[in-house]
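Student: So you can see what is in the structure, the chains are spelled out below.
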Amino acid sequence: MPINYYIFLSVALFAIGVVGVLTRRNAIIVFMCIELMLNAVNLLLVAFSKMHHLKAAALNTATNAGSDGQLFVFFIMVVAAAEVSVGLAIIVMMYRNIHSVDINFLNRLKH
Amino acid sequence: MSVTQILFWFLSVIALFGALMVVTAKNPVYSVLWLIATFFAISGHYILLNAQFLAVVNIIVYAGAIMVLFLFVIMLMNLSKESEPQKNRWLKIAGAVAGGCLLLVLIAALKDADLKQSEAMVNVGNIGLIKNLGKELFTTYVIPFEISSVLFLSAMVGAIVIGKKD
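As they're listed, the protein sequences go chains A and B.
For the first sequence, numbering that gives the first Met the number 0 puts the final residue at 110, and the numbers step up evenly by one.
For the second sequence, numbering that gives the first Met the number 0 puts the final residue at 165, and the numbers step up evenly by one.
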């Protein structure tokens with residue numbers, strides 16, 4: 000499969016995530032769009048790792064080149080899980096204080 | 000058109016349609032469900048690339064744990080009944096145009112990149128199997144792996160401290 004297809008698919012998913020962050024006001028949906036962007040990057044990392052492996056395997060058949068990319072995806076998933084737990088705790092606290100998850104209320108630093 | 004290509008296009012269409020529905024759905028619960036569909040499509044892509052470990056981890060961690068957490072928070076807040084306050088129309092159009100411009104610029108920049116003969120290896124290759132990744136993880140990447148346990152501990156403490164009723 001040509002690598003271009005994976006690049007364009009990931010770029011499209013990332014752009015949809017950016018549009019979601021810019022157009023929605025619900026904090027939870029903004030957060031979900033951030034997860035979508037992380038997944039677009041993960042998909043591209045895996046595709047690139049397989050591309051790199053194909054080139055390295057042509058020279059040396061016993062290589063495991065390209066597993067770095069997949070381990071980076073694994074670490075991105077680890078960090079995303081930690082981020083989600085803290086982020087959702089912050090959203091729950093915000094809902095408890097102002098009874099809304101509208102991000103337009105989060106402008107206290109401005110005043 | 001081979002089976003691999005048919006599967007690639009099928010999964011891509013599901014992923015893009017699911018992502019669009021995440022952004023456009025009115026009800027947050029539907030957004031979560033569409034996002035789970037998107038994650039399953041991305042897991043299908045991982046299986047197509049023979050990255051089976053990541054496919055299973057993606058389903059377990061993302062579709063299993065993270066999205067259930069989102070669903071729980073939405074249910075606890077009882078948001079699904081009331082309608083969400085909308086941004087005004089011009090801000091929405093401006094956001095969509097800005098995202099579209101990003102898409103356009105990235106595609107225009109990458110369209111002519113010299114990648115014509117680069118292929119991603121599908122269906123074959125054993126670097127994505129758990130044997131190879133586990134060996135790498137516990138030899139080359141053992142320090143980041145241990146540090147990530149500290150990260151999880153701090154995230155757990157942080158979530159409890161923030162979520163605690165004071």
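No wet-lab data here; the hints were simulated from the structure.
There's no promise every hint is true.
[Unchecked claim] Straight-line distance between alpha carbons at most 27 Å, and here's what the computed DSS-like set of lysine-lysine pairs gives:
(1) K130(B) / K109(A)
(2) K54(A) / K110(B)
(3) K25(B) / K54(A)
(4) K91(B) / K25(B)
(5) K54(A) / K163(B)
Student: Each hint: holds or not?
Tutor: Against the structure, the hints come out as follows:
Between K130(B) and K109(A) the alpha-carbon distance is near 52 Å, which puts this suggested pair outside the 27 Å criterion. Proximity of K54(A) to K110(B) is assessed by CA-CA distance (about 21 Å); at most 27 Å being required, the pair is judged to hold. Restraint check for K25(B) and K54(A): the C-alpha separation of about 45 Å exceeds 27 Å, so the hint is violated. Proposed proximity of K91(B) and K25(B) is supported: the alpha carbons are some 14 Å apart, at most 27 Å.
Between K54(A) and K163(B), the direct Cα distance comes to roughly 52 Å. Violation of the 27 Å bound is thereby established for this hinted pair.
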